[in-house]
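Listed below are the residues making up each chain.
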Amino acid sequence: GHHVGPRPGQLSLGMVTDVGGLGDRSFNDSAYRGLLRARDQLGAYVEVLQSRSAADYQPNIEALTNQRVDMTFAIGFLMSTDLDQIARNHPDRHYAIIDAVVDDPNVVSVTFREQDGSFLAGALAAMMSTTKHIAFLGGEDVPLLRKFEAGYTAGAHEVDPSVTVDVKYVGSFDDVAAGQELGNVLYNGGADIIFAAAGTAGLGAINAAKSRSGAYVIGVDSDQDALAPGKILTSMVKHVDVAVFDVARGMQQHRPIAGHLTLGLSDDAIGLTNFTFTRTAIGAARLRRLSAIRRAIIAGKIVPPDTREALAAWKPVAL
Amino acid sequence: MTLALLVTLLTLTVLKATPIIFAALGGTISERSGVVNIGLEGMMAAGAFGAVYATSATGNPVVGVIAGILAGAFFGFVLGVAATRLKVDQIVAGTGINLLCIGGAAYALVVLFHQQGSSPQVASLGTADVWLIVLAFALAIALHAFLWLTPWGLRLRAIGENPRAVLAAGIDPLRVRMLAVTISGALAGLGGAFLSVGELNIYSDGMTAGRGFIALAAVIFGRWTPLGATLAALCFGFFEALQFILQGRVAWLPSDAMQALPYVAAVIALAGATGRVRAPESDGVPF
Amino acid sequence: METGRAMSVALALRGIRKTFPGVVAVDGVDLDVRRGEIHALVGENGAGKSTLARIAFGELHADAGSVEAHGTVGLVHQHFELVGRLRVWQNVLLGREPRTGWRIDTRAARARVTHLAQRNGLSIDPDALVEDLPVGMRQRVELLRELERDPAVLLLDEPTAALAPGEIDAFFATIEQLAHNGTAVLVVTHKLNEVMEHAQRVTVMRHGKIVEQTQIARTSAREIAQAMVGGELPAIAQRAATVLAPCLSIRDLRTAGAAGLRGVDLDVRRGEIVGIAGVEGNGQSALADAIAGMITHAGTVAFASPHTTVGIVPQDRAREALVLGWSLVENVAFSRFQNARMHAGPFVNFANARTDAQTIAQRFDVRAATLDVPVATLSGGNQQKIVVGRALVDHPEFLLAYNPTRGIDVGAAALVQSRLVQARNDGAAILLISFELDEILALADRVLVLFNGSIAGAFDGASADRGELGRLMAGGA
Amino acid sequence: MKSLMDRARGARGALGALAIALVLITAAMLVAGASPIDGFAALFAGALGGTHQLGETLVQATALLFPALGIALAFRAGLFNIGAEGQLLVGGLAAGALGANVHLAPALAAVIMLGGGALAGGVWGGIAGWLKARFGANEIIATLMLNFIAASLTGYLVAGPLKSSPAGGPETAPLAHAYWLPVLLPYTRLSIALLIALAIAALLHVVLTRTVFGYELRAIGEAPEAARRAGISLQRMALLALASSGAIAGLGGASIVAGELHRFNTQLSPGYGYTAIAVALVGDLDARWICVAAFAFGILETGGLAMQAVANIPKDAIHVIEGVIVVLLAARRYVAARAAIAS
Ligand SMILES: Nc1ncnc2c1ncn2[C@@H]1O[C@H](COP(=O)(O)OP(=O)(O)OP(=O)(O)O)[C@@H](O)[C@H]1O
Ligand SMILES: Nc1ncnc2c1ncn2[C@@H]1O[C@H](COP(=O)(O)OP(=O)(O)OP(=O)(O)O)[C@@H](O)[C@H]1O
Ligand SMILES: [Mg+2]
Ligand SMILES: [Mg+2]
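Residue numbers (the numbering used here), protein chains in the order written: chain A, 1 to 319; chain B, 1 to 287; chain C, 1 to 477; chain D, 1 to 343.
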């Protein structure tokens with residue numbers, strides 16, 4: 001057999017996926033890309049453990065801890081309780097968690113302002129919609145997804161308060177067929193742009209857009225633009241990979257980052273892809289307006305809502 | 001409700017029902033011969049994966065559909081061997097097949113496509129999938145006629161009731177059961193292929209999402225008849241479609257409650273309309 | 001019946017041996033069945049008759065020996081192998097359906113079955129659902145299915161156990177006709193009068209071996225019985241005079257259905273056996289089920305006291321009385337859980353159950369390897385003895401016995417009948433429903449004829465006239 | 001009574017089945033380009049290689065044991081309960097909701113949580129039982145549909161009324177540390193839930209083989225008509241059997257919450273309720289063998305998770321192994337029977 005385990009002195013990194021697992025084309029995959037970049041650019045040894053259920057998080061993190069990897073990445077807010085407990089028991093080890101805040105000195109917490117990126121997606125959709133009718137398609141109806149939903153809806157209303165935003169949830173991140181069917185329902189219902197924040201099921205919505213003229217879809221998490229060139233207006237990417245790589249680099253340089261990183265538009269950790277296939281369709285004017293909105297968010301003039309309650313209280317800001 | 005909405009509702013109903021119809025027809029023929037096919041879900045996954053793999057290899061989704069049928073048939077055959085020749089308890093074998101197929105597809109994604117979770121996109125039947133929908137309904141009618149009008153249908157049903165009686169009549173019940181379960185797998189595989197290269201263009205882990213189990217329920221709701229199972233599958237499709245359309249329109253009902261709609265409807269139907277349904281006498285009993 | 005026809009051997013069994021775990025069921029049997037003969041196979045319960053027949057048919061494989069058959073072999077199982085939810089014609093023609101194109105020609109099929117039935121003097125509705133038919137009718141379906149195949153060798157395992165006297169005569173007329181046309185017939189039966197009347201040769205089995213084989217002309221029923229049990233038959237216990245106090249009274253009992261009751265009044269007193277004579281399908285099942293509280297009915301079924309203890313021997317032992325996968329001990333406990341002896345708090349009292357099982361096995365001569373083997377491995381007759389024994393073990397004040405000796409060999413039947421008479425002598429009230437007129441005449445103090453859901457006549461047991469009874473059973477006024 | 005010889009043959013069949021399974025797994029690893037030696041080393045080291053690993057294996061075994069026992073109880077009564085997954089979920093939810101909201105002495109809280117979980121699971125199974133008893137509804141569909149409904153219901157409740165915090169996931173608030181079930185094996189998360197499960201197994205065995213209730217339960221499964229004539233109410237027994245079956249599965253969900261996860265989460269089960277069907281059947285529906293089967297599956301689940309890192313085999317692939325083993329183990333009777341004929 002080949003050698004297993006890090007060489008002496010080699011930086012070793014561990015990662016625990018959430019139940020979505022590798023291959024989700026989204027969140028877990030993105031983190032994995034960051035890890036692979038650390039392997040290639042920093043020469044790190046990497047190891048990934050996948051989880052089948054919430055009950056696997058704890059043993060997986062423990063397992064990596066026991067293998068004495070230099071830093072363990074917990075990918076997903078569901079791991080916060082478990083990570084907190086383990087981190088306290090192992091004050092000499094280093095951990096990072098994505099999408100949640102764990103208040104321990106040896107844990108880096110990385111959260112993203114998904115509502116900011118989603119706001120931009122909503123604004124772009126409202127500008128591009130010819131029917132003044134757009135839609136949001138979520139995976140499961142959970143608080144994290146509602147950050148996307150609220151930001152997107154607010155962004156649309158920032159551009160045009162009269163735009164209709166239909167909201168539907170697949171009820172799963174796996175059921176691609178249901179994603180496609182719901183995509184069709186939304187398009188048939190009059191929406192011409194869908195923001196598909198539904199993991200693998202979102203691929204179904206992209207399919208639905210492909211067969212329609214005048215319809216667009218907005219991808220999520222990873223850059224999905226090439227999956228249907230020209231039909232995917234943009235993807236609201238969340239650069240988990242960037243965060244993972246940065247944290248890993250800090251580790252290698254023996255100055256581990258601690259505390260809470262909130263990554264947003266200004267860090268380029270969240271944002272829209274650069275319209276490779278849709279630039280002309282969107283046009284310069286709209287892109288200018290979009291960057292104005294982006295600057296306003298970064299400057300704090302616009303504070304996108306991150307819950308349905310906040311959305312209800314939210315009012316468009318005159319720029 | 002506008003006309004457009006009604007059209008969406010009806011087309012979606014049919015679309016939702018089609019893969020379930022295929023699998024439920026398979027379940028019906030298998031149970032009529034006396035073998036409970038708990039493995040429908042796994043066979044659907046096998047069919048869905050097989051179809052995507054063959055399509056990616058040949059670029060032709062029609063070849064994919066055929067491969068999906070064969071993949072399902074293969075696991076149907078495995079269940080048949082286990083349940084008839086090896087005398088394995090049918091439920092055990094079916095449970096094993098589910099684990100095997102769903103895990104096997106995840107594993108095959110890595111070995112064949114070198115990626116986890118989902119396959120690359122492949123060619124798809126596109127609008128030609130309508131022919132598969134037509135086929136589903138045609139098969140339902142054909143199977144009904146087969147079971148109730150032909151000698152072989154009569155023998156198949158008799159085997160499900162009392163295989164010893166059929167043996168006494170000089171027919172080998174085990175061979176007929178093998179064949180029935182293999183066909184059952186082929187139909188489930190076709191259902192899976194319809195999903196992956198008919199409606200979609202991809203295999204992804206968990207994409208069958210319980211449709212095989214729903215098909216099992218449709219078999220029972222349909223009282224072990226092909227047309228009954230088809231009707232039951234359409235009902236499921238209808239309530240699924242209805243919840244898709246109603247979501248977000250009925251503000252006081254959260255999406256989770258909406259998603260439970262087809263299942264709640266099924267439970268209510270259990271209490272109300274269906275009453276006492278009787279399985280074939282020897283259904284599930286090894287011979 | 002030895003005419004000039006060549007008596008060639010149609011079925012030749014040589015050195016057949018078959019063991020089951022712990023039992024040698026068949027032990028080196030040689031047997032020839034010839035074309036044109038009716039050959040009776042008799043023996044005690046568990047002697048190996050059914051096993052031998054199943055081996056000859058090819059359903060079981062012998063451990064040793066050879067089966068040589070000239071032509072096809074048909075077997076009419078004692079426990080029918082029919083498809084309840086199919087129609088008569090479908091069962092009869094299964095595997096040989098007439099067709100037009102790809103479809104079954106249902107009209108031709110019906111006609112063929114009707115014709116077949118008529119030709120053999122067995123009238124039956126080809127469209128009836130088999131599960132709706134009474135046992136006698138099912139027996140016909142099973143027979144018709146074999147006749148349709150016109151086998152060279154026809155094996156019949158206790159074919160008349162469920163037939164009424166008139167039906168039995170018609171049945172044997174058919175069989176004799178078949179034999180006359182050259183079929184070789186082997187019939188397993190416990191009814192020695194049938195052997196004497198219809199067979200040409202008889203083979204007697206004991207403990208898996210052939211102990212006697214002879215021409216009917218050279219033997220007698222008594223000799224056959226002696227060969228079967230290896231000695232003299234036990235005599236049925238004598239009747240003794242007893243005090244009569246009412247126990248069960250039934251008034252204007254009515255139940256739904258074609259084979260329901262249309263207003264039955266009857267009383268059973270302690271110390272008497274009331275026999276219900278009748279052809280199956282005239283309301284016997286409904287009567288038994290109403291008394292057992294298994295079906296809804298109009299009218300009253302009242303016991304002398306609400307505390308009257310009741311024992312029941314139901315009609316279908318395998319389905320209604322026993323859990324076949326359980327041992328004798330477990331079966332003895334099961335169904336008597338309301339009896340305080342059978343439990344200690346929430347726990348089953350296995351010690352008492354074992355004691356009772358032992359008692360039953362002894363009193364009823366149950367042939368089982370141990371008390372712990374599943375009752376499914378016992379021969380049918382031995383299962384029946386357990387059911388009767390269990391119903392009597394608590395000395396119930398009332399006993400409902402439905403064909404209590406069905407499938408039991410002559411020796412054991414006499415034993416069971418003696419136990420019933422003893423129970424009566426000890427003061428039990430017994431309602432005996434039987435399709436065997438001989439049994440009723442031998443046991444009953446009073447005889448009631450049940451016809452078409454009503455009591456068609458009442459007789460004193462001692463003075464009842466067979467001919468008169470037979471006439472009423474057949475619906476004569 | 002099974003003779004010693006029969007048992008030996010059964011064991012030989014089981015070993016044969018395992019050997020075939022091992023060959024298949026080896027082939028699978030080779031195809032995936034992994035070294036089987038490393039793979040198996042990882043599998044067994046990961047499952048049994050130390051206190052921690054053994055603890056994890058037992059945690060998985062416990063999680064499977066509860067629903068498997070519940071399923072066995074129902075199957076013994078001839079009732080096909082494939083709803084253990086849903087019963088486990090509602091049981092877990094009840095325990096999580098109670099634990100997050102009651103303020104009691106720890107021991108009492110544990111009893112309330114576990115009892116509440118069992119009750120919720122019992123109600124969930126009981127609904128199917130009631131449908132069966134009252135309307136003659138087919139229990140396969142009823143329990144199956146209730147699985148889907150349980151998933152939606154628990155999802156709705158934790159995202160809505162029982163939500164832990166605005167940003168939190170689909171889960172209830174964490175349990176106070178004092179409410180955690182005591183740990184059985186130090187430095188692992190194996191809690192006394194294992195002992196509870198074993199106690200339930202023992203109880204189930206005694207009930208099924210020694211008590212009047214157990215006999216009545218099995219009688220309705222094996223010979224319903226005979227049972228009815230012996231005065232046993234099939235309706236009442238169906239209700240009782242499915243309710244108690246659900247209660248055991250619900251208790252399992254509660255024990256995951258109180259002993260392992262320390263909160264309710266919609267993703268608390270990777271399908272224990274379905275895998276447990278295989279566990280129950282491989283264990284011959286006999287409580288004693290189910291314990292053994294659950295342990296074996298625990299090894300696979302835990303070792304498989306460890307193996308994924310070494311052998312480049314995706315986590316779901318362990319199900320292939322489980323599936324093969326389920327079929328082969330079930331076929332061992334045939335193997336044993338053939339051996340008996342040959343000898
Ligand atoms: N499948 C079996 N397993 C175990 N023992 C069996 C099996 N079949 C038959 N036996 C045993 O073989 C012996 C012969 O049984 P068989 O059924 O042939 O008797 P029989 O002569 O037909 O009796 P009866 O008059 O009661 O019908 C009996 O001791 C019976 O218990
Ligand atoms: N479940 C079973 N397991 C084992 N052996 C069985 C089982 N069922 C039936 N047998 C055997 O098959 C044989 C034929 O069964 P059947 O019920 O016809 O009994 P039988 O011997 O003809 O009884 P009888 O003639 O006294 O009614 C019996 O000897 C019995 O031992
Ligand atoms: Mg016999
Ligand atoms: Mg017999």
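Calculated from the structure, these hints are not laboratory results. Be aware that one or more of the hints could be misleading.
[What the hints assert, rightly or not] The following residues of chain B were derived to be distant from chain D, with all beta-carbon distances above 10 Å: (1) Leu-6; (2) Ile-66; (3) Val-130; (4) Trp-131; (5) Thr-150; (6) Ile-220; (7) Arg-249; (8) Pro-254.
[Stated by the list, open to error] One side of the interface only, derived from the structure: several residues of chain D facing chain C at Cβ under 10 Å: (9) Pro-161; (10) Ala-230; (11) Ser-233.
Beta carbons are placed, not taken as given, at the ideal position from N, Cα and C, and that holds for glycine.
(request) Report holds if the minimum CB distance from Ile-220 of chain B to chain D is greater than 10 Å, and violated otherwise. (result) Given a closest Cβ separation of 5 Å, the condition is violated.
(message) Does Trp-131 of chain B clear chain D by more than 10 Å, comparing its Cβ with all Cβ atoms of that chain?
(response) holds (31 Å)
(request) Please confirm whether Val-130 of chain B is truly not at the interface, meaning its C-beta sits more than 10 Å away from all C-beta atoms of chain D. (result) Check passes; 29 Å lies beyond 10 Å.
(request) Beyond 10 Å from every chain D Cβ: check whether that's true for Thr-150 of chain B. (result) holds (28 Å)
(request) Against chain D, does Ile-66 of chain B hold up as non-interface, every C-beta pair farther apart than 10 Å? (result) holds (24 Å)
(message) Would the hint on Ser-233 of chain D be counted as holding, given a Cβ-Cβ threshold of 10 Å to chain C?
(response) violated (12 Å)
(request) Please confirm whether Leu-6 of chain B is truly not at the interface, meaning its C-beta sits more than 10 Å away from all C-beta atoms of chain D. (result) holds (26 Å)
(request) Please verify that hint: Ala-230 of chain D, Cβ, nearest Cβ of chain C, below 10 Å or not. (result) holds (4 Å)
(request) Beyond 10 Å from every chain D Cβ: check whether that's true for Pro-254 of chain B. (result) violated (5 Å)
(request) Verify the interface restraint on Pro-161 of chain D: the C-beta must sit less than 10 Å from at least one C-beta of chain C. (result) violated (40 Å)
(request) Find the nearest Cβ of chain D to the Cβ of Arg-249 of chain B and say whether that gap is larger than 10 Å. (result) holds (18 Å)
Of the hints listed earlier, those the structure fails to meet are numbers 6, 8, 9 and 11, in rising order.
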